[in-house]
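Produce the entire structure from the sequences given, and follow the hints as far as they go.
So the protein sequences, as listed, match chains A and B.
Numbers in the working numbering are just positions in the first sequence, counted from 1, shifted up by 1.
Numbers in the working numbering are just positions in the second sequence, counted from 1, shifted up by 6.
By construction, these hints were calculated from the structure, which means they are not laboratory data.
A few of these clues could be false.
When the alpha-carbon atoms are kept at most 20 Å apart in a straight line, the in silico SDA-like pairs for lysine to any residue are as follows [to be verified]:
no., chain 1, residue 1, chain 2, residue 2
1, A, K30, B, P63
2, A, K43, B, K28
3, A, K30, B, R94
4, A, K30, B, G102
5, B, K223, B, A33
6, B, K28, B, A41
7, A, K3, A, T49
8, A, K30, B, P71
9, A, K43, B, P71
10, A, K5, B, R53
11, A, K43, B, R94
12, A, K3, A, L24
13, A, K30, B, K227
14, B, K30, B, E62
15, A, K43, B, R53
16, B, K19, B, Q73
17, A, K30, B, L32
18, A, K43, B, N61
19, A, K5, B, L56
20, A, K30, A, K43
21, A, K30, B, E62
22, A, K5, A, G26
23, B, K30, B, E207
24, A, K30, B, K129
25, A, K30, B, S70
26, A, K3, B, A33
27, A, K43, A, V6
28, B, K19, B, S169
29, B, K129, B, L147
30, A, K3, A, S44
31, B, K30, B, S169
32, A, K3, A, K30
33, B, K227, B, H103
34, A, K5, B, R52
35, A, K43, B, S169
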Amino acid sequence: MKLKVNGNEEVVDVSTLADYLALCGLLGKRIAVEHNGEIVPKSAFGATQLEDGDALEIVHAIGGG
Amino acid sequence: MITTLQVGSYTLKSRLLVGTGKYKDLAETGEAIAASGADVVTMAVRRTNLGQNPNEPNLLDVISPSQYTLLPNTAGCHTAEDAVRTCRLARELLDGHNLVKLEVISKSRTLYPDVVETLAAAKTLVAEGFEVMVYTSDDPLIAIELERIGCVAVMPLGAPIGSGLGLQNPYNIREILDQLSVPVIVDAGVGTASDATVAMELGCEGVLMNTAIAEAKDPVKMAHAMKLAIESGRLAFEAGRMPRKRYADASSPETGLIE
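Below you can see the structure in the form of structure tokens.
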């Protein structure tokens, strides 16, 4: 399926958000995820089904003032 | 000694709040932040670079949320909507921590706060239970309105972000201090230690800075200087300065002189 992740189109073969994050090596990292504009709590990564055309924003903390 | 600073539900020992941007690497960031003695440390929220090595060190490995009060900012957001989304992501990133630094900055070379968008974002964030420390211009009317909305601290600029010009309008800052009950913290514009002291002597509850430390030749030494400057300024404010006089007033007694 096609996903839009952080503004870029990706074609992946996954069913849940946890699957996708594991594929990227991000599962268990200090990140936060927005799925189609809604925050997904860490506890719900496994239960969040992804569908073709979904948009994800995956963020982390960096230095800033 | 110096009184603590209460910001919303947070009691802070240090009145110096520091940023984590512009350092040469994470090691220098950690060392400078430790030297500053700050409790509150700001951070930015950005898209994870998916091509990157996911095991490379993370800011939160150096600035531990158990050791510092992290203050996620909304830097880079130009609309209220983006700022609110960023705060929601930050709250999730930090396991429900609800203290945020709201800044909605104009797309101009001044990086001046967009107060129209800032007011709108502040209303939404307060309604969603965030404790909002808000970056704003030094306009006293906007500062009053931000307090009325429910922000836990109002943070007027001393001078444009990253300019290092020092307090450009101490009269406005003084007016804001007179009008507000929530802490007023100067955010942005400090260039060196004396600038920070000036802000504290005016009666500001604290100073938030990043570039003045990160872009010093020796950031760790400057962080220490800023710690002392903030403490000195606060102590001087609490002690109450002597009145200014136009003419000399001898320090030694003028009686009992030998003849």
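Going through the hints against the structure:
Note on K30 (chain A) and P63 (chain B): the hinted pairing holds, with a Cα-Cα distance of about 11 Å set against a maximum of 20 Å. Restraint check: the Cα-Cα separation between K43 (chain A) and K28 (chain B) comes to about 30 Å, which exceeds 20 Å; the hinted pair is violated. For the proposed pair K30 (chain A) and R94 (chain B), the alpha carbon gap of about 18 Å is at most 20 Å, so the pair holds. Among the hinted pairs, K30 (chain A) with G102 (chain B) is consistent with the structure: their alpha-carbon atoms are about 16 Å apart, no more than 20 Å.
A C-alpha spacing of about 16 Å is found between K223 (chain B) and A33 (chain B), which places the hinted pair at or below 20 Å, so the restraint holds. Between K28 (chain B) and A41 (chain B), the direct Cα distance comes to roughly 17 Å. Compliance with the 20 Å bound is thereby established for this hinted pair. Only pairs whose Cα atoms come within 20 Å are accepted, and K3 (chain A) paired with T49 (chain A) is accepted, the gap being roughly 16 Å. Between the alpha carbons of K30 (chain A) and P71 (chain B) the distance comes to roughly 14 Å, so the proposed pair stays at or under 20 Å and holds.
About 17 Å separates the Cα atoms of K43 (chain A) and P71 (chain B), which keeps this hinted pair within 20 Å; it holds. About 13 Å separates the Cα atoms of K5 (chain A) and R53 (chain B), which keeps this hinted pair within 20 Å; it holds. A threshold of 20 Å between alpha carbons decides the hint, and for K43 (chain A) with R94 (chain B) the separation of about 13 Å falls inside it, so the pair holds. Under the criterion of a C-alpha separation no larger than 20 Å, the hint pairing K3 (chain A) with L24 (chain A) is consistent with the structure, at around 15 Å.
With a C-alpha separation of about 33 Å, the suggested pairing of K30 (chain A) with K227 (chain B) is violated against the 20 Å cut-off. Simply put, K30 (chain B) and E62 (chain B) have alpha-carbon atoms about 16 Å apart, close enough for the 20 Å limit, and the pair holds. Of the supplied pair hints, the one linking K43 (chain A) and R53 (chain B) holds, its CA atoms being roughly 17 Å apart against a limit of 20 Å. Between K19 (chain B) and Q73 (chain B) the alpha-carbon distance is near 13 Å, which keeps this suggested pair within the 20 Å criterion.
Only pairs whose Cα atoms come within 20 Å are accepted, and K30 (chain A) paired with L32 (chain B) is accepted, the gap being roughly 18 Å. Distance check on the hinted pair: K43 (chain A) and N61 (chain B) sit about 19 Å apart at the alpha-carbon level, within 20 Å; holds. For the suggested pair K5 (chain A) and L56 (chain B), the alpha carbons sit about 12 Å apart, so the restraint of at most 20 Å is met. As the CA atoms of K30 (chain A) and K43 (chain A) are separated by approximately 10 Å, the hinted pair is consistent with the 20 Å bound.
For a cut-off of 20 Å, the pair hint linking K30 (chain A) to E62 (chain B) stands: about 11 Å separates their Cα positions. Proximity of K5 (chain A) to G26 (chain A) is assessed by CA-CA distance (about 18 Å); at most 20 Å being required, the pair is judged to hold. Taking the CA atoms of K30 (chain B) and E207 (chain B), the gap is near 32 Å; set against the 20 Å cutoff, the hint is violated. At roughly 32 Å between alpha-carbon atoms, K30 (chain A) and K129 (chain B) are farther apart than 20 Å, so this suggested pair is violated.
Proximity of K30 (chain A) to S70 (chain B) is assessed by CA-CA distance (about 14 Å); at most 20 Å being required, the pair is judged to hold. Among the hinted pairs, K3 (chain A) with A33 (chain B) is inconsistent with the structure: their alpha-carbon atoms are about 39 Å apart, more than 20 Å. About 17 Å separates the Cα atoms of K43 (chain A) and V6 (chain A), which keeps this hinted pair within 20 Å; it holds. Annotation: proposed proximity of K19 (chain B) to S169 (chain B) is violated, straight-line Cα distance about 27 Å (limit 20 Å).
Distance check on the hinted pair: K129 (chain B) and L147 (chain B) sit about 16 Å apart at the alpha-carbon level, within 20 Å; holds. For a cut-off of 20 Å, the pair hint linking K3 (chain A) to S44 (chain A) is broken: about 24 Å separates their Cα positions. The hinted pair formed by K30 (chain B) and S169 (chain B) meets the criterion: a straight-line CA distance of about 19 Å does not exceed 20 Å. Our distance criterion of 20 Å between C-alpha atoms is broken by K3 (chain A) and K30 (chain A), whose separation comes to about 24 Å.
For the suggested pair K227 (chain B) and H103 (chain B), the alpha carbons sit about 31 Å apart, so the restraint of at most 20 Å is broken. Taken as a hint, the K5 (chain A) and R52 (chain B) pair is honoured in the structure, with Cα atoms around 16 Å apart against an allowance of 20 Å. In summary, the hint linking K43 (chain A) to S169 (chain B) is not supported, as the alpha carbons are separated by about 39 Å, beyond the 20 Å threshold.
Of the hints listed earlier, those the structure fails to meet are numbers 2, 13, 23, 24, 26, 28, 30, 32, 33 and 35, in rising order.
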